[in-house]
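Asker: Start counting the sequence shown at 23; every next residue gets the next number (the numbering used here).
In short, the hints are calculated from the structure, not lab data.
A couple of the hints might just be wrong.
When the alpha-carbon atoms are kept at most 25 Å apart in a straight line, the in silico PhoX-like pairs for lysine-lysine are as follows [stated by the list, open to error]: (1) K339 <-> K358; (2) K68 <-> K96; (3) K68 <-> K41; (4) K97 <-> K67; (5) K358 <-> K331; (6) K41 <-> K143; (7) K272 <-> K331; (8) K68 <-> K132; (9) K272 <-> K113; (10) K132 <-> K272; (11) K96 <-> K67; (12) K113 <-> K132; (13) K132 <-> K96; (14) K96 <-> K113; (15) K41 <-> K67; (16) K132 <-> K41; (17) K68 <-> K97; (18) K143 <-> K132.
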Amino acid sequence: MPIPATRILIVDDSVLYRKILREALSLLTGVEVVGTAANGSIALKKIAQHRPDLLVLDVEMPGMDGLQVLQEVKKTFPEMGVLMLSSHTTKGAQVTMDALSLGAFDFLPKPDTGSMDGNIKQLGQELGSALGSFTRMQTIHRLVQAQSRPDPPQARPAYSSQNLRAWPYPKEIQAVGLGISTGGPVALTRIVPTIPGNIGVPFFVVQHMPPSFTRALAVKLDTLSALQVREAVHEERVEANSLYIAPGGKQMRVVRVHPGDQAILQVTDDPSENNCKPSIDYLFRSLAQVYGPRAIGVIMTGMGTDGTKGLIQMKEKGAMVIAQDEATSIVYSMPKKPVEAGVVDAVLPLDHIVNQICRWINPNLGGQAQANSCTAGPD
Numbered sequence: 023m024p025i026p027a028t029r030i031l032i033v034d035d036s037v038l039y040r041k042i043l044r045e046a047l048s049l050l051t052g053v054e055v056v057g058t059a060a061n062g063s064i065a066l067k068k069i070a071q072h073r074p075d076l077l078v079l080d081v082e083m084p085g086m087d088g089l090q091v092l093q094e095v096k097k098t099f100p101e102m103g104v105l106m107l108s109s110h111t112t113k114g115a116q117v118t119m120d121a122l123s124l125g126a127f128d129f130l131p132k133p134d135t136g137s138m139d140g141n142i143k144q145l146g147q148e149l150g151s152a153l154g155s156f157t158r159m160q161t162i163h164r165l166v167q168a169q170s171r172p173d174p175p176q177a178r179p180a181y182s183s184q185n186l187r188a189w190p191y192p193k194e195i196q197a198v199g200l201g202i203s204t205g206g207p208v209a210l211t212r213i214v215p216t217i218p219g220n221i222g223v224p225f226f227v228v229q230h231m232p233p234s235f236t237r238a239l240a241v242k243l244d245t246l247s248a249l250q251v252r253e254a255v256h257e258e259r260v261e262a263n264s265l266y267i268a269p270g271g272k273q274m275r276v277v278r279v280h281p282g283d284q285a286i287l288q289v290t291d292d293p294s295e296n297n298c299k300p301s302i303d304y305l306f307r308s309l310a311q312v313y314g315p316r317a318i319g320v321i322m323t324g325m326g327t328d329g330t331k332g333l334i335q336m337k338e339k340g341a342m343v344i345a346q347d348e349a350t351s352i353v354y355s356m357p358k359k360p361v362e363a364g365v366v367d368a369v370l371p372l373d374h375i376v377n378q379i380c381r382w383i384n385p386n387l388g389g390q391a392q393a394n395s396c397t398a399g400p401d
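Throw the hints in and build the complete structure from the sequences for me.
Answerer: Now the structure itself:
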């Protein structure tokens, strides 16, 4: 039985960009554009008429903007997918973070290659990746729904600590590195607020995002977290109970100039790795060098293989490694590769990752991670 095409409605106030989006989507298979809308009011009417699977929705529009359209859609059609299309402006990035927290599944920055053909080609590639993620998200949702039906009961197996490798305690953890890509902003807004403010170690995060969006993500997470969350600044000192996000378009590493010195951050313009800038491998490699066995590496939802080489280096130095499980990953490619490489100590659902980090930082504490104390994970 053939898989039905993904039905898409384009919403953008620019005639030119509606054309660019149509052309970009025409490059993809398994896609049907059911219509376009020039503003939010028209979009809501066409949504009711066509019931698309997915909206490609401009963030900044006059009158009813993308955020307002998203809120209305989620009230009436909560299962409908929404992919936000954003400018690179600071305002566009901030609104995009709000949109993700309100239920948009992902976002794409509007390309600016200098030519219409270049924009179409780049958008086609990025839309293809986003649609693959969306299809996977729909599949996961259907599986969860099927498993939650009372007849027959097919609940997902409960988490068990039996899938964890033995740890030769005691071991003083000094840092946690986290790499994430597709689906990352939403995942981070779920787990970062659960990290205790007194956890006693710094967190370093590489989220694959362009410039301005990482800054907006840091601002958003800082409002939700007990940690001090900020976009990393070159040569700043690393402090415990802080979370540093690598700036988009830059590389971030941790260095210690002399043995015994306080660690500092370096934000560089070094080349991309794995076509990524910032790169997870770039960060993890530095954590292996600076912290060795006193680090935890976490690899989460994302496309590609960035992070695998860095985790191998961390594991060679004795670090512990967590991978997000397939069921809670929008895209399982990034966690899958380290699992296959045999360097992962725990494969965990999204909502259990912080508990396990706390468990390894202080194994003597019990209960669950809360806003004001570091505690052990569930058994």
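Asker: Which of the numbered hints above does this structure break?
Answerer: Of the numbered hints, all hold.
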